[in-house]
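Student: Using the hints, position chain Z with the ligands against chain G.
Single-letter residue listing:
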Amino acid sequence: MPPLKLKKGSTSHSAYNLRPTFSDVQERHTLAVLVDNEVGVLARVIGLFSGRGYNIESLTVAEVDHEGHTSRITVVTTGTPQVIEQIKAQLGRIVPVHDVHDLTVEGQVVERELALFKVQGTGDKRIEALRLAEIFRANVVDSTLDSFVFEITGDVGKIDAFADLMRPIGLVEMGRTGVAALSRGARA
Amino acid sequence: MTKNMGGRQLTGAQMVVKALKDQGVDAVFGYPGGAVLPIYDEIFQQNEIRHFLVRHEQAAVHAAEGYARSTGKVGVALVTSGPGATNAVTGLTDALMDSIPILVISGQVPTFMIGSDAFQEADTVGITRPCTKHNWLVKDTAALSGVLHEAFHVARSGRPGPVLVDIPKDVQFASAEYLPPTKVSTSHYRPKLQGDPAEIERLVALMEGAERPVFYTGGGVINSGPEASRLLRGLVEATGFPITSTLMGLGAYPASGDKWLGMLGMHGTYEANMAMHGCDLLINVGARFDDRITGRIDAFSPNSRKVHIDIDASSINKVIKADVPILGDVAHVLEDALALWKARGSRTNAGKLGTWRKRVQEWRAVRCLDFKQEGAVIKPQYAVSRLEALTKDRDRYICTEVGQHQMWAAQYMGFEAPNRWMTSGGLGTMGYGQPASMGVQVAHPESLVINVAGEASWLMNMQEMGTMVQYRLPVKQFILNNERLGMVRQWQELLHGERYSQSWSEALPDFVKLAEAFGAKGIRCQDPADLDDAIVEMLDHDGPVIFDCLVEKHENCFPMIPSGKAHNEMLMTNARMQGAINATGAVLV
Ligand SMILES: Cc1ncc(C[n+]2csc(CCOP(=O)(O)OP(=O)(O)O)c2C)c(N)n1
Ligand SMILES: [Mg+2]
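If you read the sequences in order, they're chains G and Z. To convert, count from 1 in the first sequence and add 234; that's the working numbering. To convert, count from 1 in the second sequence and add 7; that's the working numbering.
Same shape as in the complex, but just chain G (with noise of 0.2 Å):
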């Protein structure tokens, strides 16, 4: 039999190439799962990302039923429309996973977050930062003659902007919760 002839040159995608008929467009995705509150639960949600290769730009976790021991997961993540299908996927397979809620594509939703920032200062810098603080709607929840601990909650986006207004001030530690996230309407 004679061999076959072999176009040359015609792999230009690797066979691990997986998605030319896939978008590439990166979306940002916010995930409620949950879960059964047992032991390891956390670390098989967090297994799934590191083993697969997902993103994880926040996430939060606490019982939010204490009778019936569920806990409810917030993760952000980042990836193309088929990753982040993927990972939806993925994390429903979890045996002790009952229901996993992609709230950017069912709706309307709220997302908050909380921080605490220490801000140092003093004279018109101590000033400045409990002025801007106002504005942002910051509590103080400690002080001491040349620093400030303020407590903020809001979006992402209102909390990553008092940073860049602090730093130059003088921020010197910063903690963040991660999202907590709730769809808006009635309905669960």
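You may find that some hints are simply not true.
[As the list claims (entries may be wrong)] List time: in silico EDC-like cross-link candidates among lysine to aspartate or glutamate, alpha-carbon distance up to 20 Å:
| id | chain 1 | residue 1 | chain 2 | residue 2 |
| --- | --- | --- | --- | --- |
| 1 | Z | Lys-313 | Z | Glu-218 |
| 2 | Z | Lys-146 | G | Glu-272 |
| 3 | Z | Lys-528 | Z | Asp-540 |
| 4 | Z | Lys-328 | G | Glu-319 |
| 5 | Z | Lys-313 | G | Glu-319 |
| 6 | Z | Lys-146 | G | Asp-270 |
| 7 | Z | Lys-199 | G | Asp-333 |
| 8 | Z | Lys-328 | G | Glu-261 |
| 9 | G | Lys-322 | G | Asp-270 |
| 10 | Z | Lys-386 | Z | Glu-500 |
| 11 | Z | Lys-28 | Z | Glu-49 |
| 12 | Z | Lys-359 | Z | Glu-215 |
| 13 | Z | Lys-328 | G | Asp-258 |
| 14 | G | Lys-322 | Z | Asp-319 |
| 15 | Z | Lys-199 | G | Glu-319 |
| 16 | Z | Lys-399 | Z | Asp-547 |
[Said to hold, decoys possible] Partial list, derived from the structure: chain G residues whose beta carbon lies under 7 Å from chain Z:
| id | residue |
| --- | --- |
| 17 | Gly-281 |
| 18 | Gly-285 |
| 19 | Gln-320 |
| 20 | Ala-323 |
| 21 | Gln-324 |
| 22 | Arg-327 |
| 23 | Val-329 |
| 24 | His-332 |
No wet-lab data here; the hints were simulated from the structure. C-beta atoms are modelled at their ideal positions from N, C-alpha and C, and glycine is treated no differently.
Tutor: Coordinates of chain Z with the ligands only, in the frame set by chain G:
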């Protein structure tokens, strides 16, 4: 023992044995150690569950896999803490990749010592989290029976897979109430079985109009159960569409069927791959568009509508975009599709189908698997063909190791029924076949079980010969001995300038003497003229046999789609291999 012990107080160790019995387990593969001694003590005091003492925990897990794949039941392995558990990791990963339902029970140091780096402590649930479908560390005896029943439920539901239950030693000693399976409410975990009727209707409409259809089937058909294979056969016969299968799905449709194209993919047949490339309707039934199947993604089956039936939502649209995604169990979906297709008048595009069949016939006429046995050296293809001819009419199960021999077995052996073919597909685990064949033989004591092996793979778990001799498991180890890591050698010829780095099997044992050292029978054959007699001698021997078949050392496995190439760019027999893969292809495995 009384049948119903609901409500009775049992120790954790007693619960393990009781739960296994209540779940219908009759065989366990395992290895004892300090952290599982209470369970071994209970095993000692009963006769319903047989325990098979392997020689290495990896083998216990592969044996459980072989048991599971050949029966459709959950296979069970029992290992001790620390090294016992870490030795089980390869088997767990293998079972996860191939969706095999198994339960591994591991011992753990007592709860009050967890975290103290105690002797033989390992974070077993941490280590096995990514290689199990789910796992549990049970810290309270009262929860144990519930977890064990749930573990069986998770292992066999939906897309099957391996689960692990880690039991600290104090939990095995303590007592609590045992709950039988009927009294345990299994979790919310209930994957959807029925497919969406609207999608099934789209599938049927596509079937009615298709000009060049092909069924591409996979391990999901086997996992769905014998009913799925029966329905698949019904659908193929009724429509007359040609059918191909992945390595994992062989036997779901009989190899003797006239619609059968042979296996597809990297070492698939010419007709199967050309049909995949040229079809206008591709019906994927329980397969996952693995990279061994698709080759170059952007050139994969370029002109077809793609239907994908899978019970795992994450398989759909992972690699190839499905035009018609159907989430559900293969048997359920096929049943609905067949019923609807019949109700709508059993229509096909008969005229165009005739032309398509002629096209397929032309591809078949290429006879891509033909070879010539000439000269004094046995060709491996010839050895497998003779093994096939001399065993195909028997009640037979075939396992393999990983390498060229595995592909030759898939190409030259015909499977007429599901659950008769056990091979490590997803993980490609050398050392799988021998222990798997042991597990198959345990499940089917009267049947002929053969492990088609390469000499290098076979050595990876050769200690299990001891197990086979101990339990009189008459498995036939049919070794295609090319004194090479043949598949590695083939790739080095292909893309590393024939520099055969470390792909020799040096200092091989004398396999006949090795067999004898274990108390088994050894047969060597190197002359093609002696082959049939030697195989018959192997088959006639009532006990384990190592068959050392010395074959041509430099034979390559064809056809082959080189990495990074499309289905219609196959390399065929005699093709010059060098330079067949370019730089982009070379980074792939
Ligand atoms: C555990 C493990 N290590 C390495 C490999 C890579 N590998 C794939 S095939 C192969 C050679 C197998 O040699 P042999 O068992 O003699 O089979 P042959 O290809 O010669 O038929 C190797 C090393 C593997 N698949 N599994
Ligand atoms: Mg070899």
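Student: Confirm or reject each hint.
Tutor: Here is how each hint holds up against the structure:
A threshold of 20 Å between alpha carbons decides the hint, and for Lys-313(Z) with Glu-218(Z) the separation of about 14 Å falls inside it, so the pair holds. Distance check on the hinted pair: Lys-146(Z) and Glu-272(G) sit about 12 Å apart at the alpha-carbon level, within 20 Å; holds. A hinted pair counts as satisfied when its Cα atoms are at most 20 Å apart, and Lys-528(Z) with Asp-540(Z) qualifies at roughly 15 Å. Straight-line distance between C-alpha atoms of Lys-328(Z) and Glu-319(G) comes to about 12 Å, which keeps the hinted pair within the 20 Å bound.
For a cut-off of 20 Å, the pair hint linking Lys-313(Z) to Glu-319(G) stands: about 18 Å separates their Cα positions. In summary, the hint linking Lys-146(Z) to Asp-270(G) is supported, as the alpha carbons are separated by about 17 Å, within the 20 Å threshold. A threshold of 20 Å between alpha carbons decides the hint, and for Lys-199(Z) with Asp-333(G) the separation of about 14 Å falls inside it, so the pair holds. Restraint check for Lys-328(Z) and Glu-261(G): satisfied, since their Cα atoms lie roughly 19 Å apart, inside the 20 Å limit.
Between Lys-322(G) and Asp-270(G) the alpha-carbon distance is near 17 Å, which keeps this suggested pair within the 20 Å criterion. This hinted pair checks out: Lys-386(Z) and Glu-500(Z) have alpha carbons roughly 19 Å apart, not beyond 20 Å. For the suggested pair Lys-28(Z) and Glu-49(Z), the alpha carbons sit about 12 Å apart, so the restraint of at most 20 Å is met. Annotation: proposed proximity of Lys-359(Z) to Glu-215(Z) holds, straight-line Cα distance about 11 Å (limit 20 Å).
This hinted pair checks out: Lys-328(Z) and Asp-258(G) have alpha carbons roughly 14 Å apart, not beyond 20 Å. Between Lys-322(G) and Asp-319(Z) the CA atoms are separated by roughly 12 Å; this keeps the pair inside 20 Å, and the hint holds. For the given pair, Lys-199(Z) sits about 18 Å from Glu-319(G) by alpha-carbon distance, which is consistent with the 20 Å threshold. For the proposed pair Lys-399(Z) and Asp-547(Z), the alpha carbon gap of about 15 Å is at most 20 Å, so the pair holds.
Interface hint status for Gly-281(G): upheld, as the beta-carbon distance to the closest one in chain Z is roughly 6 Å, under 7 Å. Interface restraint check for Gly-285(G): the shortest CB-CB distance to chain Z comes to about 6 Å, inside 7 Å, so the restraint holds. The beta carbon of Gln-320(G) comes within 6 Å of a beta carbon in chain Z, closer than 7 Å, and the hint placing it at the interface holds. Of the supplied interface hints, the one on Ala-323(G) holds, with its beta-carbon coming within about 4 Å of a beta-carbon of chain Z, less than 7 Å.
Of the supplied interface hints, the one on Gln-324(G) holds, with its beta-carbon coming within about 5 Å of a beta-carbon of chain Z, less than 7 Å. Given the 7 Å rule on beta carbons, the hint for Arg-327(G) holds: about 6 Å separates it from the nearest Cβ of chain Z. Satisfaction of the interface hint for Val-329(G) is found here, the shortest Cβ-Cβ separation to chain Z being roughly 4 Å, below the 7 Å cut-off. Proximity of His-332(G) to chain Z holds as hinted, the smallest CB-CB distance being about 6 Å (cut-off 7 Å).
Every hint, counting from the list given before, is met by this structure.
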